[in-house]
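Kindly generate the complete structure, drawing on both the sequences and the hints.
Those letters in the sequence shown? Residues 193 to 258, by my numbering.
Be aware that a few hints might be false.
Label-pair ranges, simulated between beta-carbon atoms [what the hints assert, rightly or not]: (1) 208 to 229: 19 to 29 angstroms; (2) 217 to 246: 21 to 31 angstroms; (3) 254 to 228: 47 to 57 angstroms; (4) 253 to 210: 25 to 35 angstroms; (5) 233 to 212: 11 to 21 angstroms; (6) 227 to 253: 43 to 53 angstroms.
I should point out that these hints are in silico values taken from the structure, not numbers from a laboratory.
Virtual Cβ for every residue (Gly too), placed ideally from N, Cα, C.
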Amino acid sequence: MSFRYHCRACAATGRRHGSRADAKTDRTEHRARAHHGLAPDDEVLHEPGLVAISVRWLVARLTDRR
Numbered sequence: 193m194s195f196r197y198h199c200r201a202c203a204a205t206g207r208r209h210g211s212r213a214d215a216k217t218d219r220t221e222h223r224a225r226a227h228h229g230l231a232p233d234d235e236v237l238h239e240p241g242l243v244a245i246s247v248r249w250l251v252a253r254l255t256d257r258r
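Now the structure itself:
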């Protein structure tokens with residue numbers, strides 16, 4: 193799994209991290225630098241990895257009952 197911080201206010205996106213906590217650290221640092229500690233409209237995104245995407249695709253194909 194990977195997590196990434198995204199700030200909607202200034203369209204900044206952090207790098208991918210293996211944990212939500214690391215992405216939240218990016219958020220804290222970004223808020224301090226770019227927004228002087230204020231909390232803009234932002235979020236920590238979960239981005240599924242290649243294995244998760246492949247498994248979801250395979251399950252969808254196997255359960256497709258046309």
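For each hint, the structure was consulted:
1. In this structure the hint that residue 208 and residue 229 lie 19 to 29 angstroms apart at CB holds, the actual value being about 25 angstroms.
2. Remark: the range hint 21 to 31 angstroms for residue 217 to residue 246 is upheld by a beta-carbon distance near 29 angstroms.
3. Hint check: residue 254 to residue 228, Cβ distance near 51 angstroms, so the stated range 47 to 57 angstroms holds.
4. Range check, residue 253 to residue 210: Cβ separation about 28 angstroms, and the 25 to 35 angstroms hint holds.
5. Taking 11 to 21 angstroms as the suggested C-beta distance range, the pair residue 233 and residue 212 conforms, at roughly 19 angstroms.
6. Against the hinted window of 43 to 53 angstroms, the Cβ-Cβ separation of residue 227 and residue 253 comes to about 44 angstroms, which satisfies the hint.
Going through the hint list in order, the structure satisfies each hint without exception.
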